[in-house]
Amino acid sequence: MASAGSHDTYYVPEQTKLPFFASIGLFLTVYGLGNVLNDIKSSESATFSTLVALVGFIILSFILFQWFSTVIRENHAGMNSDQLKRSYVWGMGWFIFSEVMFFAAFFGALFYVRTFAVSWLGGEGDKGVTGDILWPNFEAVWPVIENPNSELFANPHEAMDVKEWTPAFFAKYLPFWNTLILMTSSVTVHFAHTALKAENRKGLIQWLSVTVALGVIFLFLQVFEYYEAYAHYGLTLDSGIYGSTFFLLTGFHGFHVTLGTFMLAVMLARAIKGHFKPDDHFGFEAASWYWHFVDVVWVGLFIFVYLL
Amino acid sequence: MSAAHDDHHHGPAKGFTRWLYTTNHKDIGSMYLWFSFAMFLLGGTFAMVIRAELFQPGLQLVDPNFFNQMTTMHGLIMVFGAVMPAFVGLANWMIPMMIGAPDMALPRMNNWSFWILPFAFAMLSATLFMEAGAPNFGWTFYAPLSTTYAPETVTFFIFAVHIMGASSIMGSINIIATILNMRAPGMTLMKMPLFVWTWLITAYLLIAVMPVLAGVVTMMLFDIHFGTSFFNAAGGGDPVLFQHVFWFFGHPEVYIMILPAFGIVSAIIPTFARKRLFGYDSMVYATASIAFLSFIVWAHHMFTVGMPIAGELFFMYATMLIAVPTGVKVFNWVATMFRGSMTFETPMLFAIAFVVLFTMGGFTGLMLAITPADFQYHDTYFVVAHFHYVLVPGAVFSIMAATYYWLPKWTGHMYDETLGKLHFWLSFIGVNILFFPQHFLGLAGMPRRIPDYALQFADFNWISSIGGFLFGASQLILLVVVIKCVKGGKKATAQVWEGAQGLEWTVDSPAPYHTFATPPDPKLIHAQ
Chain A
1 MASAGSHDTY YVPEQTKLPF FASIGLFLTV YGLGNVLNDI KSSESATFST LVALVGFIIL
61 SFILFQWFST VIRENHAGMN SDQLKRSYVW GMGWFIFSEV MFFAAFFGAL FYVRTFAVSW
121 LGGEGDKGVT GDILWPNFEA VWPVIENPNS ELFANPHEAM DVKEWTPAFF AKYLPFWNTL
181 ILMTSSVTVH FAHTALKAEN RKGLIQWLSV TVALGVIFLF LQVFEYYEAY AHYGLTLDSG
241 IYGSTFFLLT GFHGFHVTLG TFMLAVMLAR AIKGHFKPDD HFGFEAASWY WHFVDVVWVG
301 LFIFVYLL
Chain B
1 MSAAHDDHHH GPAKGFTRWL YTTNHKDIGS MYLWFSFAMF LLGGTFAMVI RAELFQPGLQ
61 LVDPNFFNQM TTMHGLIMVF GAVMPAFVGL ANWMIPMMIG APDMALPRMN NWSFWILPFA
121 FAMLSATLFM EAGAPNFGWT FYAPLSTTYA PETVTFFIFA VHIMGASSIM GSINIIATIL
181 NMRAPGMTLM KMPLFVWTWL ITAYLLIAVM PVLAGVVTMM LFDIHFGTSF FNAAGGGDPV
241 LFQHVFWFFG HPEVYIMILP AFGIVSAIIP TFARKRLFGY DSMVYATASI AFLSFIVWAH
301 HMFTVGMPIA GELFFMYATM LIAVPTGVKV FNWVATMFRG SMTFETPMLF AIAFVVLFTM
361 GGFTGLMLAI TPADFQYHDT YFVVAHFHYV LVPGAVFSIM AATYYWLPKW TGHMYDETLG
421 KLHFWLSFIG VNILFFPQHF LGLAGMPRRI PDYALQFADF NWISSIGGFL FGASQLILLV
481 VVIKCVKGGK KATAQVWEGA QGLEWTVDSP APYHTFATPP DPKLIHAQ
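As given, the protein sequences belong to chains A and B, one line each in that order.
So the first sequence is numbered by my numbering: it starts at 1 and just counts up by one.
So the second sequence is numbered by my numbering: it starts at 1 and just counts up by one.
Hints may be right or wrong, so weigh each one.
[What the hints assert, rightly or not] Derived pair list, reagent style DSS-like, types lysine-lysine, alpha-carbon separation capped at 27 Å:
| hint | chain 1 | residue 1 | chain 2 | residue 2 |
| --- | --- | --- | --- | --- |
| 1 | A | Lys-273 | A | Lys-202 |
| 2 | A | Lys-85 | A | Lys-197 |
| 3 | B | Lys-484 | B | Lys-14 |
| 4 | A | Lys-85 | B | Lys-191 |
| 5 | A | Lys-85 | A | Lys-273 |
| 6 | B | Lys-14 | A | Lys-17 |
FYI, nobody ran anything at the bench for these hints, they're computed from the structure.
Required output: the full structure, derived from the provided sequences and hints.
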């Protein structure tokens, strides 16, 4: 069935209930979430809206679980030709490209703000005259600690940037350790892949476990960092543009790490169950690609959000 | 599910759940097309409200806030609900048949891409009935109108954009995977019909920019609900940042709405000129160049916002460059018709009207590209006239041309040519009466997105509205033609059009439920 390069055995599923109900789940999730946000904003009870969003999310998760199970089952049944597998490869590749562009929007916002908006507000450059009129006392420095209007947007006490370029500072600098953790995890997931290709199940499970553990540690440290920011630095979502860019960039990255860790955990469970063959393990490969992708994004974040 | 996979020859499932659960590219294509038509009528109704209000100076029918809701919803529904899904529907129907594939690469995801849309647009349209009213900040939803000053329904707008974006991304991934992976043996890239090529590049653009749109609405969401200050200068952000991110999406988006149209016209003109397409290779390269340029011209929408002079100059020259590959295309279409044995069936009429009227829209685009001139034209009816010329007799006419061209293949019947021609001529006359006077209005200084205007604009507005009603009413003819054609009519042959070339014309009309379960004979695949 899975004969090489054949064009005549492409598997076209006949009918499927999955996507229609996934749409219902997705709709309820976002409709509920929209109501939750509006309820909170107008200080109304959000209980019912939360319930709607939750039901939607449960439906969506359940359907996606079924969906992936179906795909795995079909592959085990030998229904997927090499050509179909290539479709999954293209699919995952372009999906990751779309994620790259999602982050590009936030990086672009960061660059624009740092290069143009803040310095113009500070009265520098081509459009500085606006800043001079609006907030003559605002000084353009990055990170922005003194907001143009600190009554509307309370100033943070401190930013997450590098205070001094000394080994002593970096030894206590969480983002530095998080960088090491994520970069190591990229290597360990590669070792897991090598073990899988060498039919070394034990190695696969061990290296994959290490990777998942590193992902969880990373997330734990990031939660700690957020706690520090809110509790001690006065650095919050509503503390001006530095907090906005900081939390959205690192937050969406953290969300993607969560997703990637979850994917790898699923792959670990599947590896323990005995799934994957040296020549047939695209589920694993896709998850590892995703993992490398979140690592690369982190390197960008480390450089542009923390270091520079 | 597992038992059926060897049997590609049975027909569709029975009952209405066929449409809910289908994985068939033809079913999904039809659903996209019907959905798009429904949205076209809905968005068209909003346009009729706008034109009725503008029929005379003074506030006549609706209050200004509702007028703003109408302009906003008209734009959103037409762009995201009518034009884009129509092209995806055509892609679904035609790409697998054109490249000799059994179906789309990922059929279940294909179904999901479609079924997200009705929910997304139900949510968006439902805002009209909510207490705060529908979004009223224009389809470009500039901050802070869409953040600080927005009605609370903006939240539903944001989530609707999120999920329709997810739908677009999944649809595009599917199209790319299909084209790159599912071509029949012998169907090399440079033998693909141009509709396939233009869609390949369009899908790439979609995957590149829909996430940016998701990013910008996410920043809005956080500004509105979580106190961030991306678009608020008081916190160190910048409302102009919104415009940059939005138009980085928005400009490729306008090419997303026109590149597939180029593909359609490049299929139809050779058929009815009974000649090969002139300059196939250059068409492919021109399409790719336009796609590349679309990423570096976005700020020409923002010349008056206050950019450094270097930015104004760069975006002006980059924008003008687009005229070169577009000119190549127009030249090739005209050269294809030159000394051809032309006949003028309805699809050809729409295609020729496309070439002429789209080119006019292109020329006004060049005028707008000139920065100092744009200072005068910006946010006037001249801009409205410009983009409606490229989108209505451009994108929409191409969709109509495609509908008439492939309708016999889809239904197995010939459509009513008399009604088709009537539809064309009324649309052609209507659309010009509707939009041509708007050029004059804009040049004379009438701003866009206002419910009332100074008296000197009265005559042209009156004429424009008459054209609007004529164009709007004429679209019902299309509905009649399609329903008549689905129900019956003269039997269509497999070839349908004497001069048509391509794999889709080698299968029966109507196309069987499953086509090319085994790949076609490579001898059927010709160079373009």
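Task: Indices of hints not satisfied (ascending) - done: Violated hints: none at all, because every hint is consistent with the structure.
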